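Quick mapping for you: the protein sequence lines, in order, are chains A and B.
Here our numbering is used: position 11 in the first sequence is 11, and no number is missing along the way.
Here our numbering is used: position 383 in the second sequence is 546, and no number is missing along the way.
Derived by calculation from the structure, the hints in this document are not laboratory data.
With beta-carbon atoms standing in for the labels, derived distance ranges:
id: 1; chain 1: A; residue 1: R92; chain 2: B; residue 2: K311; range: 45 to 51 Å
id: 2; chain 1: A; residue 1: V3; chain 2: B; residue 2: E260; range: 40 to 46 Å
id: 3; chain 1: A; residue 1: R74; chain 2: B; residue 2: G397; range: 28 to 34 Å
id: 4; chain 1: B; residue 1: S575; chain 2: A; residue 2: R74; range: 43 to 49 Å
id: 5; chain 1: B; residue 1: V271; chain 2: A; residue 2: R85; range: 38 to 44 Å
id: 6; chain 1: B; residue 1: N238; chain 2: A; residue 2: D151; range: 28 to 34 Å
id: 7; chain 1: A; residue 1: R85; chain 2: B; residue 2: N313; range: 45 to 51 Å
id: 8; chain 1: B; residue 1: T284; chain 2: A; residue 2: R74; range: 58 to 64 Å
id: 9; chain 1: B; residue 1: T178; chain 2: A; residue 2: R85; range: 49 to 55 Å
id: 10; chain 1: B; residue 1: S575; chain 2: A; residue 2: D151; range: 41 to 47 Å
Examples of chain B residues lying across from chain A (beta carbon under 8 Å, computed):
id: 11; residue: V354
id: 12; residue: Y357
id: 13; residue: R359
id: 14; residue: F361
id: 15; residue: I362
id: 16; residue: L382
id: 17; residue: L384
id: 18; residue: T388
id: 19; residue: Y436
id: 20; residue: L438
id: 21; residue: E488
id: 22; residue: G515
id: 23; residue: M522
id: 24; residue: G525
id: 25; residue: Y526
Owing to the predicted nature of the structure, the values given are computational and were not obtained by experimental measurement.
Using N, Cα and C, we set each Cβ at its ideal position, and we do this for glycine too.
What follows is each chain in one-letter form.
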Amino acid sequence: MSVDSRQARWVVEELLAAYVDCIDNDRLEDWPDFFIESCVYKIIPWENLSQNLAIGWVLCDSRGMLQDRVVAHRTANLYAPHRYRHIVGAVRILNCADRIIEARANYLVVRTALDTVRYGTSEIYSAGEYQDRVVVENGKARFVEKIVVADTARVDTLLVTPI
Amino acid sequence: MTESTESSPIRWPQTEGVRRVPYRVFTDPAVYEREQERLFGGRSWNYVALDAELPNPGDFKATFIADTPVIVCRNREGELNAMVNRCAHRGALVCRELRGNRAALQCVYHQWTYDLKGNLTGVPFRKGLEGKGGYPPGFKTTEHSLRKLNLTTYRSLVFASFSDEMEPIEEYLGNEIRPWVDRVFNRPVKVLGYARQFIHANWKLYVENVKDPYHASLLHLFHATFNIYRANQGGGCLVDPKGRTSIIRAWRRAEQNDRDVDGMALRTYQKGYQLADPSILESRKEFEVELTNSINHIFPCVVVQQIQNTLATRHILPKGPDSFELLFTFFGYQDDDAEMDRLRLKHANLVGPAGYISMEDGYATELVQQAILRGGGDSSYIELGSDGDVEGRDENLNTEAAIRSFWRYYRSVMEI
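For reference, chain B alone in the conformation it holds in the complex (with noise of 0.2 Å):
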């Protein structure tokens, strides 16, 4: 880390504490680098994959903690290991492809090769040709692995940390939250498909987005342009008290007929707009706590994600200050049958990059990226709901609650 990144580049309203963000955070090139090495770089647990996309020795894939290349890779032994994707010789990428299968890890500069531990095994012309050249005596190939992540699994979510001295992952995501995560992932799943978006803007306001119940019926009016009725919606919104992870949550309030529960017990009005295909809004019950929606972040960088029948990873990866992908992994459970794969494909209308319910949020933090380039020293004002609301669990959907438990826990990590 430089000078000019160890000192604040921020200087945080004092007052007001995390019910105001300064716009900086968000164009801030210096903000950025200090993410780099405190937040990611530092005690995080990072989501890097499914283990459902790895089920096979060999299996690898390619992916990144913000800035820094890693390969996810399942080894003979049928355990996971992570490694920074850079070849410990001259730091090519290794991994140069985004998934794949392969018995070894082989850098094409120098065909320097790895095992899927990421332990050296292989170095051409070690000893040199015909007496010439070749490393001196006292090279050890042990002394030149791919750099090691700390992994962990939790049920099928596979973790990254450039920390050693991480607390274990059920820690990491609460006692608050960790049931939730449960609830979703309660047996072996099987990817049904990726979907990838470049959003301008910059990954916080994505972290926010998901934070935030407040918009929902406000920027996203499909449900009420198709006068889809949702006054017995009833809603939440919990956070873990460090502020790593936190849930949304929106339901149908149980005085509702269970004649109308079969399908999703939604009235019309008999005005307006109706859909011509309602099939879209046909679900099935599948937990034991029924949620039309669940939006769980878990910091830095995943949403687990439960819409009607529609199950999916949102990983935010950071391209730069003012850009990140947006990568939603869908999934099922392996025991699904042909009628539950088929609604989780019409579901999938739903969200991602083109979702009846998903596609303005991109767009949403794109706005606010454009209009804060030069926001000089203003800040954003958060002050919806109060922070008991969530701590003391009522139940309530117009708070900006889960926001400021992000801020406060990013400050500390950040120091700013």
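In isolation and in its complexed conformation, chain A is listed as follows (with noise of 0.2 Å):
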């Protein structure tokens, strides 16, 4: 379905905010639903972007990598315990003329400590770019790709909760 670039912000708008809503509220379980089956979402920094470098620090390309994800967070990775705050910027359309929508917003993750030495501080984890591409099916809109380009290309210790 083709939609007018009014409908498609509030496509997207609406999309961004359920997501950063999972992630947040730490119902991980329901993130790889926000995708196609045959996605793609990376986390790269804008310094190998910027360079045309394809290396990123989360490459998956099918949901089941992003189920993977989600097993080896709960299960087999280790980290300090900590919270997310998205804070999503307004988001642009860039294109809706086809079937995908392609739309571009900025984030900022601030990142609660929950571990016993940094309990309670909060600091800006990851600054960056959204750059999406949605898709519509069946009243239920997903992303077909989401590259998430971080400005900040010196990770905290680690990265293993989504973006």
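Each chain sits in its own coordinate frame; assemble them with the hints.
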């Protein structure tokens, strides 16, 4: 279905609001469902993207890989407990003439530490831009592709919770 | 060096030697000061770049040897040079960007200009203006170069040293370990990207980590969680007799079916988690000696890593006694095909700040740093395995021998 840019903005804003709510409130098991089956999800530092270097921190090319990330997050990986708050800026629609909506939005992730040493300390963890391609199928909007371009190239300790 | 750092700040346990490491070496600012002078500023070949980062004349890269800012650049003749990134005039940073290409290096403060070898070529108002001011007649530009560093390359690796009396890099790498460096750097490489982590721990805790095969299956639970069967995994640990280089290797045992070897030859149990998308385990044979993991440390601050088809240098950049930056430079070979490019990207999910089998390393070093902050006279306990295990080539991953060899060399350099 084709949409006008006002509708497209509404669709993407709703999708992003639900997406960050899912992560920030630790419902990671629901997170892969924001993507189509053959999706692309990458977190790549601007340092690399700006030099046409392809390496990112997270490079998933299927929903299955996102599910594996969640299982690893819950069961395998070890990290200091923390919470996120995503602040998403104004959505810009680049293209909505075709079936797929292309959109951009700035994001900021504030990470609050829940470990014994730094408990309750909030810090800007990552600043960057979402570069999204969204499709609406059967009334549900999902990411076909979500490229998280992180200006914050220097990751504080590690990255385990998706952005 | 000041008086206070000249006298050893550390009392090492006499009887146990390097089987104990006093926690103060990870926290004491006096130890960190002493490292700047004796270790990084002394007879060390410090990794500074991959040659593929500087392919063209005029290409430069700003980096650090411990706290000292350093420029690496390729001059007009195509040779690499390294200099301290500090203007000979009043000490300002000359290179202000991380990387780029320049015909010359110019300090912005008073526009002193240097060529790509670090020689001073231009000084504004050298003779003053209208007969007034200017430098005295005896001023010689040749006496005011950037501080030049000794530079050497080994295959694609670029090293710099403050010492002009360094042994050749081949000797520094050592006969035991050099063939393993050759294995990875067997032909020209290309850079695929960077990843940076800021870790709130002393840099030596990370060096211990990359010399510690014991933690691999205990801290990193990725394989265990997904029931990726690794009972057939073999492994070993080699160290250079001097303790400057080491390698931890893991491989699949030969008795496995050839049928399985195309993939990762991994079997899964029928219960528990399985990867929804196992494509991350597909790898392609590309070395004569096949290893699943190869972690090669070169003293003081670089690790050359091969995990499946992902290749990277890990540059450990100390940022004070209680923090360091870990800079991954991912690379492939210039003749990689598109399928190999794809595999290297996919396997990058295993390492780096979000790596399935590496994200815990930095975190583990932080857990140590947080607990030893007031460690008093306490020491760590590094007794696993015998040192003969390594020197006798007994292939064994349940050993801390490589950690001990690091500390032996560290103590000799630091005289503590």
